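Residues per chain, in single letters:
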Amino acid sequence: MRIRAQMAMVMNLDKCIGCSTCSVTCKQTWTNRDGVEYVWFNNVETKPGVGYPIQWEQQLRWRGGWKLDRSGRLRLRAGRKLWRLATIFANPNLPVLDDYYEPATYDYDALVSAPAGNQMPVARPLSAITGQPMKITWGPNWDDDLGGSQLYARTDPNLAAMTQKVKFSLEQTFMFHLPRICEHCLNPACVAACPSAAMYKRENDGIVLVDQNKCRGWRMCISACPYKKVYLNRLTSTAEKCTFCFPRIEEGTATVCSETCVGRIRYIGVMLYDLDKVEQAAAAKDNLVEAQRGCFLNPFDPAVVAQAEADGIPSDWIEAARQSPVWALVMKYQVALPLHPEYRTLPMVWYIPPLSPILEATTALGGDSASADDIFHGITQLRIPLEYLAQVLTGGDVDLVAGVLMKLAAMRSHMRAVTTGVDPEASGVGLEASELEAMYRLLAIAKIPDRFVIPKRHKEEGAALAAWESGCVLDAPTTVRMAGPVPVAAPQFANRSGRRP
Amino acid sequence: MKLHIALFGVLPYLALASFVIGHIWRWRYDQFGWTTRTSQLMEKRWLMWGSPIFHAGLLLLILGHATGLLIPASLTTWLGISEETYHVIALVGGLLAGSLVAIGLTLLLLRRFVTKARLRIVTRSADLVMYVLLALTASAGMIATIGVNMLGGGYNYRETISVWLRSLFVANPNIELMASAPWLYQTHAVLALALIAIWPYTRLVHLWSIPLGYLVRPPIVYHSPVRK
Ligand code: SF4
Ligand code: SF4
Chain X
21 MRIRAQMAMV MNLDKCIGCS TCSVTCKQTW TNRDGVEYVW FNNVETKPGV
71 GYPIQWEQQL RWRGGWKLDR SGRLRLRAGR KLWRLATIFA NPNLPVLDDY
121 YEPATYDYDA LVSAPAGNQM PVARPLSAIT GQPMKITWGP NWDDDLGGSQ
171 LYARTDPNLA AMTQKVKFSL EQTFMFHLPR ICEHCLNPAC VAACPSAAMY
221 KRENDGIVLV DQNKCRGWRM CISACPYKKV YLNRLTSTAE KCTFCFPRIE
271 EGTATVCSET CVGRIRYIGV MLYDLDKVEQ AAAAKDNLVE AQRGCFLNPF
321 DPAVVAQAEA DGIPSDWIEA ARQSPVWALV MKYQVALPLH PEYRTLPMVW
371 YIPPLSPILE ATTALGGDSA SADDIFHGIT QLRIPLEYLA QVLTGGDVDL
421 VAGVLMKLAA MRSHMRAVTT GVDPEASGVG LEASELEAMY RLLAIAKIPD
471 RFVIPKRHKE EGAALAAWES GCVLDAPTTV RMAGPVPVAA PQFANRSGRR
521 P
Chain W
122 MKLHIALFGV LPYLALASFV IGHIWRWRYD QFGWTTRTSQ LMEKRWLMWG
172 SPIFHAGLLL LILGHATGLL IPASLTTWLG ISEETYHVIA LVGGLLAGSL
222 VAIGLTLLLL RRFVTKARLR IVTRSADLVM YVLLALTASA GMIATIGVNM
272 LGGGYNYRET ISVWLRSLFV ANPNIELMAS APWLYQTHAV LALALIAIWP
322 YTRLVHLWSI PLGYLVRPPI VYHSPVRK
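Chains X and W, in that order, are what the protein sequence lines are. Numbering-wise (the working numbering), the first sequence opens with residue 21 and increments by one. Numbering-wise (the working numbering), the second sequence opens with residue 122 and increments by one.
One or more hints might be untrue.
Unchecked claim - No farther apart than 27 Å at their CA atoms in a straight line, the calculated lysine-lysine pairs in the DSSO-like style are these:
no., chain 1, residue 1, chain 2, residue 2
1, X, 35, X, 47
2, W, 165, X, 101
3, W, 123, X, 234
4, X, 185, X, 101
5, W, 165, X, 155
6, W, 165, X, 87
By construction, these hints were calculated from the structure, which means they are not laboratory data. All values derive from a computational prediction rather than experimental measurement.
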């Protein structure tokens, strides 16, 4: 047993209102620069929907993530090492700009510089890449709120695997929002695919970063990430990705997307895991969610604590692991599920599935969306939303999703009984009344200190980290004196055109 | 004669100095820019054909040039490869690799300058200079191979050019030998020297980053600021 700590996140999808505040604040912080105009480290998609980049879940096309080969060994889906090195001259699996979208700006200058005339001047759309006039025909979350779902959401790759066909008629459809960032996986395919060893996972907090000084632009990580969360900077031709706002995390502050989330759907906390179990869990034949849960270690177990201390995890981090809302939601209540566990990267941003598609359908069928019985009935009868959620969150295991939804429904009806003064019945989902109430508090009314339990980087590490990583990035474009990796392409800030020799 | 001294006695050393100092400077101050400068994000269909063809041809050409220029004719003869056999192999190999480079480069140039506005805006002046020099050097080499060695009477460059090149390394350039070579070969050599001179300032540096270490490294890379 070798114990490592990981900063992890849970998002409660029922509460996401799809406002995209997270995407915007993230963009303002990290990708508000030339070269990454099309890049959204955080994006919000509508599901069912095609996503960003288009059909990113279609792994037959992009060959991202891992798979088991015939003898059951874990392999990158993109192929053997030699084959991947042979395709280094032109990566057959790489998405191009049009698979994301061509970002646009507007010719605002025309509004003030147009000569006097009879017509109002118009600001025409211009490509933010070439500056040429363009027609805006696509964008991230173009099919927002099922807009144009007959055209777009129909091609959602999750639908193809379902036994029942989703009808996109108004009465029968359902939708939810899916905010996505890099999963900071335990078994990151991006890192495994990087030919230059420029990508790395930090041992102290599990954050996955790209060393900008070592990235040579081989662009293998971009297609290897099954979530398409590594991006190519078109000017520097280096890879860039979500940093889990590591400078903020090191200071004990939540990521920008979490801090600014309007729906307060996000939770951040420490998870302790066993490094020696990672490969085995990623190569599990089935029950991938269970296998990944098997990597996580109970911070209340004295044996785990002793080993964690021996492995150099500071005591305040172990304490934070006990307080971790992620631990509570993933392991204690077991209501959070990983996004597409079948990609076998062991993602570390987990999701509480939305109950709302079931509630809506229950109401549409004439049931009472607050009655546990009606909802339970809905959960067992409404195969379509359930199957869809299972495709997204459990790799197709419908019972697992149904079990989680039952718990959420039980919590709803319990709290309704409590607030209306009726004696609540036993939940029947294996959770005590006190647990249901604690879960309710965490999901519904938790304040910032309960939602974000982030230990500061440890004092001993402070000096080393400062010298090694974040501290000197902005010093000068000189890179030679830096001891460690440089995860952010800082020189671009000084030189916006990105021109270099 | 003065021109010959400048081109074949001085220029090689200037190019070499630029090559060495340039690489040291670039590594010290711009590892961040030390990339392939890939533009695959902007255009993929042409690249899928042009780039592999071009790179395969170029790697073969580099191999061929190294053999032809650095291995003395006496060694191959001693190994039992006759002059005729050697030239047939060199001619066929050169034609094959040269055609690959020609086709690949044509596709890449068409792609960059004809197909899409998007590509023009990610093209820098260093890229332009590199493309021009690459195209000229390759053309001169191809014309010499086809014109002189295939259709013409043939020219045994291993007696002159190769000897001149090796004489450079012992700091005793044999300028007369090179001056006696046909002008096509001379042009090819001078262009190649220019290419070597600008090498460290262009995307060509990515040749030194061929990631062979990848084949032997463990898949997941962990870094720790404290744990060593
Ligand atoms: S989600 Fe993040 S850590 Fe996982 S493979 Fe993609 S980029 Fe790497
Ligand atoms: S800010 Fe929060 S509620 Fe709004 S889209 Fe993002 S995750 Fe959803």
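| task | Go through the numbered hints given earlier and state which of them the structure violates, listing their numbers in rising order. | result | 3 and 4
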